[in-house]
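Protein sequences, first through last, are from chains A and B.
If you number the first sequence the way my numbering does, the last residue is 918 and the count never jumps.
If you number the second sequence the way my numbering does, the last residue is 309 and the count never jumps.
Calculated directly from the structure, the hints in this document are not laboratory data.
Each statement offered as a hint is correct.
With beta-carbon atoms standing in for the labels, derived distance ranges:
#1 A:Thr537 with B:Phe55: 24 to 34 Å
#2 A:Asp600 with B:Gln137: 26 to 36 Å
#3 A:Ala693 with B:Trp181: 24 to 34 Å
#4 B:Phe240 with A:Ile873: 16 to 26 Å
Cβ atoms here follow ideal geometry from the backbone N, Cα and C, with glycine treated the same way.
The lines below spell out each chain.
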Amino acid sequence: MATPSDGSNIRRRSLFKAAGIGAAGIAGLPVIAACSDIESGGGSTQSTEGFDFLPTHKEYELPAQPDLVGEPPNHPSGFTSYPEPVDGVETAEAASTEFEITVPMWGTPPSADDPYFTAIQEAWGGTKVTLRHADGNTFAQTSVQWLQANEYGDAINMFGWMTDSHPNFQETVVNTFYDLTDIVKGDIADRWPLLAGEPTDSWGQSVWSTDPADPETARVFGVPQNKSMGPGNGMFVRTDLLADAGLSMPTTVEEVLEVARQWTDNAAGKWAFLAQDYVTPEWFGLASSPGWAYIDGKLVHNCERPEYTKWLEFRRTCWDEGLIHPDTPTGTLDGHALHIAGTILMSQDGISWWADYTNKVLSGEAVGAVAPIGAIGFEGAEPIRYVNKAVDGWTFFNKDLSEDQVKELLDLMNFCSAPYGTKEYELINYGVEGTHFAYGEDGLPVFNEAGTAAVGAAVSYKCMSGQVQTFLTGNPDVVQARFEYNASVKDFAETDIFAGLRVEGPADYKTAAQTLIDQQNDICYGRAELSSIPDMVETFLSSGGEAAREHFTNAYNQAQGN
Amino acid sequence: MAAIQTSSPPAASRAAARPIVKRKRTVGQRLRHDWPLLLMTVPALAQLALFFYWPSSWNIIAFMDYSPYRSFWENPFVGFAWFERLFADPYFVPALLNTLKYSFANLLFLFPLSIALALLMHSVVSTKLRSVFQSIVYLPYFFSWVLVVTIFVQVLGADGMVSNWLIGFGGDRLDIMSDPSTFTFLAWLQWAWKDAGWGMIIFLAALASINPSLYEAAAVDGASRWRRMWHITLPGIRPVIVLLLILHIGNILSVGFEQYQLQREAVGYQTTEVLDTFVYYRAIQTAQYSFGTAAGLFKGVIGLVLILVANKVAHRLGEQGIYQKS
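Could you put together the complete structure from these sequences and hints?
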């Protein structure tokens, strides 16, 4: 590297000096300036009901009625037959606008040239939409950066659980997305009858406040997805393998452990479990996220309860006895593949794994059958079953769009809200007859190979906007089984103590919770002893948990009207 | 021994004999004279300004209670509050110690491995064999850490290829992927597989610059292969070794993120928490950007000091370092 010539006015040392003075100046600025305390990261509590600016609900007449009539919300009705589809949406005005929408995708994205997209574009009047299929496995984390950088196109389709990865989603929403209030408030049934038919509480859950402490700043920022009802996930058991081993479906936690011991064969590469983290807490009566329960007149965090120790004891026992796949902690295993291969007996998963597994069996990609364990308890305790509490997610529009563009996008959302039994629903969920599916003997659409790849495996438009009512649909056997399962667990559904609110904990609490999860993992995978639990709890409470109790108690009081 | 001068003296000697009175040129004159050169630096300056100096100037948020949704000047200054919080955080020191541990392990075990691989490659005569070997060794550098960790699980995991062989021979399963006590060794294996080949390429380039006639002369003088390596090869690439060493020392607090984050659950946070994961879990995940920037600034300042010290030491030892002595 050349040094400056003798004649140069700039020397390296001069540069260092200048840089040093500059750095000192920058560092000095804040010292000179009047300093204040750190105030950010306090958490928020957002009401999701009682608004007068939501779309006026107008009943939308369903094209077909379900033959299995349940008891919503936790026991939804279902269809075991496929109704003759009818038009659900009046033909839209011709439009030529182009939009780009980011959607999650698990697997290989379909080609943008697929006839599926052409058919939908024609059906809704010509608006061209390019879908950005982003990896679903990392969507939650990476969407944080896209949203901050305004690099998600004209709209983004997000599931509710993804927002947990966003450090302050309330602030993101009100600063990043289009405020829909003035467009959707009041009677919108003329132009968007299906959006008007969506449940009012779904729209209420699409409200965020610029200032959560000031109800006057509440506005509608998203188009709600379905409000799926009943259990959203479960511990799925390969019932065929269970029967082959002469075992029966466990009905208590003790039986789960016994079945796991009998089925596991380390030398043969067979283990009862893979991950256990988000389904097993309910077996011990622990609260679902955010992990607070109202006990003896105050809010108590899961980690403060004796059930927490029992839960960790159970998980540690499973690990110590080799009942869990030994590579589970690496987090790199394909749970679906292992479940299909019969390497693991039980797999915690979303409730859709039931239908997905059955479809794989029908297409010859898997054998046997799966079913979720019911509501079970430990040592005779009353079981609880986690159920969906809110809308599945939202589609948010970019705040830089014009009002006309937003209205056109709402036309598309209205199209996507078409319920079961309409031609629009069939097109969005099954594609084009002959190209993607054919009607089976029972009248149900059955995907061909192209349909499975382009339509069946992709989220695309399926979750863009909620339907006026959500039913159990699909394979009649699965629908029947799910209907019966929901009936059997509905009485054990967990009560949402924060109903009507969206509560986000303070930053310190989130950090403390992350540490708690890390320490839990240490115990579950044999790196720390159960005797360290009291220290863990003390650390959690002193580093943010105790302060969060006050935050969540205030929210609880608000939710209960105290 | 005095030499007979048969040609005119070199320019430097002439200058010494006949001093030139230099006229100091004005800035305008210099600009008129040097504008083509200055023009050529514009793209580089623009790139540096846009992607380095402008983002670097945002380090000032380490002294603010910053929110991206407020206008910049509405963010209150909080002095060194975030630094106080950083140094008081009970997880900061363990993360710093882990970072230093992995960084020094990388320096001690990977750096020499790259040099050894380069020397090995250099000694391979067959061009075809060298080409194949080179591709095999440095291809993993282009793999993502996700892929590297997944491959390691498939091979060395408790249900991986090696374990299943061991089971087949009546042995036990290998536990290296989830054993905190062997994680440094595992990390070294992963670095060696992923990065050693890339380091080798740089040293190979340095080796190519050594004059082959030196080897020929040494061989004629009867120098053994070992002697040639010791007295020609290593001195020949010493400036590059020192340069890379200094740059590595400057990056001593940056050991990467993905490798540790991906294996956090497998071996535990106490083993894998390094400064970058500390920032992610304690600052980014909770939107405390000022806190994360304070940690980043701490890393940057330490890195700068280490580079300057290492460079000074290099000069003292007679090496060129990252820039020449004035």
